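Turn these sequences into a full structure, and let the hints steer you where they fit.
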Amino acid sequence: MIQETKVLTRHENVSGMEEVENYIRDGGYEGLKKALTMLPQEIVEEVKKSFLRGRGGAGFPTGYKWSFLPKEKTKPHYLICNADEGEPGTFKDRVIMEHDPLLLIEGMTISGYAIQSELGVIYIRGEFKWIAEKLECAIDNARRANLLGKNIMGKGFDFDIVVMRGAGAYICGEETALIESIEGKRGQPRVKPPFPAGVGLYDCPTIINNVETLACIPIILQNDADAFKRMGSFQSAGTKLYGISGHVNKPGLYEYPFGTNLKYLIMQAAGGIRNGKKLKAVIPGGLSSPILKADEINLDMDFDSCVKANTMLGSGGIIVIDEDTPIPEVALTTVNFFVHESCGQCIPCREGLSKIQQILTALLDGKGQNGSIETMLKITQSVNGSTLCPMGDAAAMAIQSMITKFREEFDTLLK
Amino acid sequence: MSASPSPYLTQESEYNLSEDVVTKITEMAASFPEKNSALIPALHLIQDQFGWVPPPTIKQLAQLLKTTPNKIYGVLTFYTMFNLKPVGKYHIQICRNVSCSLLGAKHIIDYLTKKLHIQVGETTADGKFTLTLVECLGACGMAPVMMINDKYYENLDEKKVDQILKTLK
Ligand SMILES: Cc1cc2nc3c(=O)[nH]c(=O)nc-3n(C[C@H](O)[C@H](O)[C@H](O)COP(=O)(O)O)c2cc1C
Ligand code: SF4
Ligand code: FES
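One line per chain: the protein sequences are A and B, in this order.
Per our numbering, the first sequence starts with residue 1, numbered consecutively.
Per our numbering, the second sequence starts with residue 1, numbered consecutively.
Worth flagging that the hints you see were computed from the coordinates, not collected in a lab.
From a predicted model like this one, the values you see are computed outputs, not experimental measurements.
Do not take every clue at face value.
[Stated by the list, open to error] Keeping only pairs whose Cα atoms sit at most 27 angstroms apart, straight-line, the calculated DSS-like set for lysine-lysine is:
no.: 1; chain 1: B; residue 1: K35; chain 2: A; residue 2: K134
no.: 2; chain 1: A; residue 1: K6; chain 2: A; residue 2: K263
no.: 3; chain 1: A; residue 1: K185; chain 2: B; residue 2: K85
Structure representation (structure tokens):
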């Protein structure tokens, strides 16, 4: 049996963790205390050494991202916490923010010190209003205890955090769209390069990290980089929050060592398939990740193993689908989502996806035409690599994988 | 909706931002390095006051943030959470994404339309309920899920929906 390792979710069943005293009593703020005795550069090196990789989806090594900031500080640096949590299948960051808001705030404060920033912004999805309020309350508490604001812990470091709620646009989870949104604009991704570390919020150097990533920072500092590495697998250090939804007996959020086997997560942790049914398919890392067939789930859930299996770890949102579910219907729900969320800047994403939507809708209505499955596949290929942001690609790959892996179900609709 | 005049023609005085909202918007604008960052938070505050974002308030907001109504309108229409017209006292937003669909969201949607005698996108004749479909609400492990005003309701079934609606006066 693999042990569930509760690190980021260790206060899931405890209340009152937005109070500084309670958080400190349980070991909180040891990380910041230590960090403020170090040089910012030393913290960046420690985070690099920890092998921490971003939990927002792409798995970029956090310490390296931080070191892309300009060497000489000539403008303000900003830290953004991505709490947009929009990827369907994902409900993880909310658990950290709801039950351990000061862990995120401590993580942001340490990160702010490491990247020499004086202002952090938490961009949280608009629907999570009560969580935004909880964060604001925790921020106030931290300020009163001199753990945020001017001259933190008397060490001459100034840092503050503001919370901003989004307003229901999935694309604002993409980092440059998110920056636009904080600037009070439509959430449309920017052309990259320049990358945010050079030109970000208000055209200043900006670091964007996911909630789960930032919540790992105090854990790394409290002990050290090696202790953090030992919790995960070789390439992917630490623990991972896996959200399991769909046809399992015990849907929910599980925290396991990074790289825990997918089959174990579904069949053991989440109690297997509901109603004694058989497994048909799994979407392993949020709706943007290519689907897996039932016989492909003997897979270590880390970034590299998922890429090898032609899918993505993404957000770790695992969607489990049983034998009774028609995949073409799942595909339609998927394409409906992406059409709805396309920001409209790139033709392949805007037009290509809605063309697929039309064809698939007709197919499911029994009005499919010969060759229409081929047309859909051709469109998914044409989206590939020709868009401003990764959403167009991700949507195309997700749909393509459903069609190719469950082709016979689509073919049947033509008969 | 009844045959009320177009919101664009209504008297502006009906839609004055409250002093409290103006203060909060001004504070929000001061907490960011640039004023414009207060735009989306301000639209939330306006919607909290009126239940939607009435056009006359856009003009007032433009003055507060030193921008133009057109720019605000462009932003406002991009984000699905902002209501461009009034909604019922209780705005039911139900998730239709994959995890919720797998666990019967469609059934719950049908049940609600029958129970409330409205189609998706409509408001009941008494102005009490509006029913809207939304994408993933970030609560997939507790599917099916809906939101009524600011509150989440999870693990829905018919019985639970009945109980919830009964508490909404
Ligand atoms: C369409 C799209 C949606 C995204 N949504 C999210 C999101 O909801 N939360 C998140 O943390 N990252 C999201 N990302 C990834 C971010 O762009 C960014 O890579 C991430 O926040 C970086 O944080 P990390 O380095 O800590 O992973 C999204 C990316 C794309 C292309
Ligand atoms: S790929 Fe789609 S979502 Fe991304 S920028 Fe282009 S149109 Fe917008
Ligand atoms: S799919 Fe319904 S809340 Fe995520």
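Checked hints:
1. A distance of roughly 24 angstroms separates the Cα atoms of K35(B) and K134(A); the hinted pair therefore holds under the 27 angstroms criterion.
2. Of the supplied pair hints, the one linking K6(A) and K263(A) holds, its CA atoms being roughly 20 angstroms apart against a limit of 27 angstroms.
3. Between K185(A) and K85(B) the alpha-carbon distance is near 21 angstroms, which keeps this suggested pair within the 27 angstroms criterion.
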